[in-house]
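Asker: Single-letter residue listing:
2 protein chains.
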Amino acid sequence: MQNFEAFLLENLPTSKSIHPTYEKALQQMLKAGGKRFRPALLLGVVKAYNPLMSAGARYAAYAVELLHTYSLIHDDLPAMDNSPLRRGEPTLHVLYDEVTAILVGDALNTYSFEVLANAPFSDYTRVKLIDELAKNGGLNGMVLGQAMDCYFENRPLGIEDIKTLHTNKTAKLIAASLKMGAIIVGREELAESLYVFGIKLGLLFQIQDDILDVTQSSQEAGKLTNNDGDKNSFVTILGLVESIKEADALALELSDELESFDENLHYELSPLLTRYINRHKNSSDT
Amino acid sequence: MQNFEAFLLENLPTSKSIHPTYEKALQQMLKAGGKRFRPALLLGVVKAYNPLMSAGARYAAYAVELLHTYSLIHDDLPAMDNSPLRRGEPTLHVLYDEVTAILVGDALNTYSFEVLANAPFSDYTRVKLIDELAKNGGLNGMVLGQAMDCYFENRPLGIEDIKTLHTNKTAKLIAASLKMGAIIVGREELAESLYVFGIKLGLLFQIQDDILDVTQSSQEAGKLTNNDGDKNSFVTILGLVESIKEADALALELSDELESFDENLHYELSPLLTRYINRHKNSSDT
Numbered sequence: 001m002q003n004f005e006a007f008l009l010e011n012l013p014t015s016k017s018i019h020p021t022y023e024k025a026l027q028q029m030l031k032a033g034g035k036r037f038r039p040a041l042l043l044g045v046v047k048a049y050n051p052l053m054s055a056g057a058r059y060a061a062y063a064v065e066l067l068h069t070y071s072l073i074h075d076d077l078p079a080m081d082n083s084p085l086r087r088g089e090p091t092l093h094v095l096y097d098e099v100t101a102i103l104v105g106d107a108l109n110t111y112s113f114e115v116l117a118n119a120p121f122s123d124y125t126r127v128k129l130i131d132e133l134a135k136n137g138g139l140n141g142m143v144l145g146q147a148m149d150c151y152f153e154n155r156p157l158g159i160e161d162i163k164t165l166h167t168n169k170t171a172k173l174i175a176a177s178l179k180m181g182a183i184i185v186g187r188e189e190l191a192e193s194l195y196v197f198g199i200k201l202g203l204l205f206q207i208q209d210d211i212l213d214v215t216q217s218s219q220e221a222g223k224l225t226n227n228d229g230d231k232n233s234f235v236t237i238l239g240l241v242e243s244i245k246e247a248d249a250l251a252l253e254l255s256d257e258l259e260s261f262d263e264n265l266h267y268e269l270s271p272l273l274t275r276y277i278n279r280h281k282n283s284s285d286t
Numbered sequence: 001m002q003n004f005e006a007f008l009l010e011n012l013p014t015s016k017s018i019h020p021t022y023e024k025a026l027q028q029m030l031k032a033g034g035k036r037f038r039p040a041l042l043l044g045v046v047k048a049y050n051p052l053m054s055a056g057a058r059y060a061a062y063a064v065e066l067l068h069t070y071s072l073i074h075d076d077l078p079a080m081d082n083s084p085l086r087r088g089e090p091t092l093h094v095l096y097d098e099v100t101a102i103l104v105g106d107a108l109n110t111y112s113f114e115v116l117a118n119a120p121f122s123d124y125t126r127v128k129l130i131d132e133l134a135k136n137g138g139l140n141g142m143v144l145g146q147a148m149d150c151y152f153e154n155r156p157l158g159i160e161d162i163k164t165l166h167t168n169k170t171a172k173l174i175a176a177s178l179k180m181g182a183i184i185v186g187r188e189e190l191a192e193s194l195y196v197f198g199i200k201l202g203l204l205f206q207i208q209d210d211i212l213d214v215t216q217s218s219q220e221a222g223k224l225t226n227n228d229g230d231k232n233s234f235v236t237i238l239g240l241v242e243s244i245k246e247a248d249a250l251a252l253e254l255s256d257e258l259e260s261f262d263e264n265l266h267y268e269l270s271p272l273l274t275r276y277i278n279r280h281k282n283s284s285d286t
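Protein chains in written order, with the UniProt record's numbering: chain V, 1 to 286; chain X, 1 to 286.
Honestly, I wouldn't trust all of these hints.
[Claimed, not checked] To give an idea of the chain X side of the interface with chain V (calculated C-beta under 10 angstroms), a few residues:
id, residue
1, 6
2, 9
3, 20
4, 59
5, 117
6, 120
7, 132
8, 151
9, 254
Since the hints were derived computationally from the structure, they do not count as laboratory data.
Heads up, the beta-carbon is just placed ideally off N, CA and C, and yes, glycines get one too.
The shape of chain V in the complex, shown without the other chains:
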């Protein structure tokens, strides 16, 4: 992923104007690092089936990261999580103001589609990727999940509803990342099974986040932990012990599925996913 990180830094959004801080604010959260988990998934699938397309696929990986980054910026706003810290740095509304955080988020959301519209693929592939990112990152995907998360704060949900919440809020974009990789290499017959795998992976990821939120310090996480208050989380509903059991069970299921992938896909995704699948067992590994 060093390769992707360098690509991202070379392709940061730029904007020349008399506004003294707009361009810097646009770039701030992108440059602040992060796990680049979604790009890694997309690029892993591409590398498994057509390594020659890896360079071009970085544009699609970047688009997903742009959309993900905008969502973090808006989730951190005072009206939502009111988080002072993200990726180890002050959040944009703290560094600048709320206006900047709202507008930078808006800009990165739109920019993700501009990047895909100009990525080095056929028009057919570009349209497929744009549709996939919009559907999973939009009003019946990530945004619905965030709306549910905010609305049902202080209104406890059952376990099925919280799974629906996080399927939308977290899992769909992760699943879309894998599927977009399959679209890029023209393996659309694999797209659906990768998507289903990604949904489960995203749910595991969220259960792990909820676990780490109560077991990890802010310094380890690079963001404020124990900050979820009365939000619905797997830990508040199931308790810590049951959440860890649920995570263990899902981790085992995903490990088995990973083993059943064909050789190339297993070779690419296994090093990445084995680490993530088990991250709730080692709270110092973020």
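Got chain V; can you put chain X on it based on the hints?
Answerer: Only chain X this time, still in chain V's reference frame:
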């Protein structure tokens, strides 16, 4: 435009979930009406050159209206204009809360690209339209304009900088609407001149808004007027009399250009534009 209005109402975004107000909030500002000026421009160009494509072009017109509507919702937020009223109705953050207004805006932004990715055009045309909407509605277009507008509140700008501000904030999306019409009918040789015409039209539109903001009542405008405070406006910089002179001069220039359009384009756009070009002369016509 009755046709477009009916189309929009039949194609409102839907979202079935346990969230009791999310779907209603998504639809609220779209159903509240509005001039549908950008859709009318796009559809006018299409009708001039290929009326058979008018039905399909409504999807593109809708995408532009979605992006425009998201921008109004975010501009009205407490951190920005803090407007209580829009399109004659309470704004979303008043009706629901800030979270809802932020998320509905985010959702409509993303949805505009989903609509274009599924519009009944060739993949080539879809990609061109998505690129155009994203470039003009994004970080070096509408969002930059809004960022400048907010940042330079209380910091007076010169006339050239305020033109740059409104070229980005207002004119580029209007220009893009005309250009997208040309792209749909495959008249890309007209796209650039229509774009330049649209930039001037957008500037006129903004000068007129600034004029109407001080000459019109809130009831007439369907939004809170005299609410721009210390924002840079043509009226605060040039004064009302000079602003009206500037609007008159630009209106004359645009009328001349409109006369020079070919017969079909003139026939389609003239009824629409003649009314808008002169709207600052008749403050009861919104």
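Asker: Hint by hint, say whether it matches the structure.
Answerer: Each hint, compared with the structure:
1. The beta carbon of residue 6 of chain X comes no nearer than 22 angstroms to any beta carbon in chain V, farther than 10 angstroms, and the hint placing it at the interface is violated.
2. Below 10 angstroms, beta-carbon pairs count as interface contacts, and residue 9 of chain X has none with chain V, the closest being about 17 angstroms; its hint is therefore violated.
3. Because the beta carbon of residue 20 of chain X sits about 8 angstroms from the nearest beta carbon in chain V, less than 10 angstroms, this interface hint is met.
4. Nearest Cβ of chain V to the Cβ of residue 59 of chain X: about 13 angstroms, over the 10 angstroms cut. The hint is violated.
5. Because the beta carbon of residue 117 of chain X sits about 4 angstroms from the nearest beta carbon in chain V, less than 10 angstroms, this interface hint is met.
6. For the restraint placing residue 120 of chain X at the interface with chain V, the shortest Cβ-Cβ distance is roughly 12 angstroms, beyond the 10 angstroms limit, so the hint is violated.
7. Proximity of residue 132 of chain X to chain V holds as hinted, the smallest CB-CB distance being about 9 angstroms (cut-off 10 angstroms).
8. For residue 151 of chain X, the shortest C-beta to C-beta distance to chain V is roughly 5 angstroms, which falls under 10 angstroms, so the interface hint holds.
9. Hint status for residue 254 of chain X: violated, given a least beta-carbon distance of 26 angstroms to chain V, over 10 angstroms.
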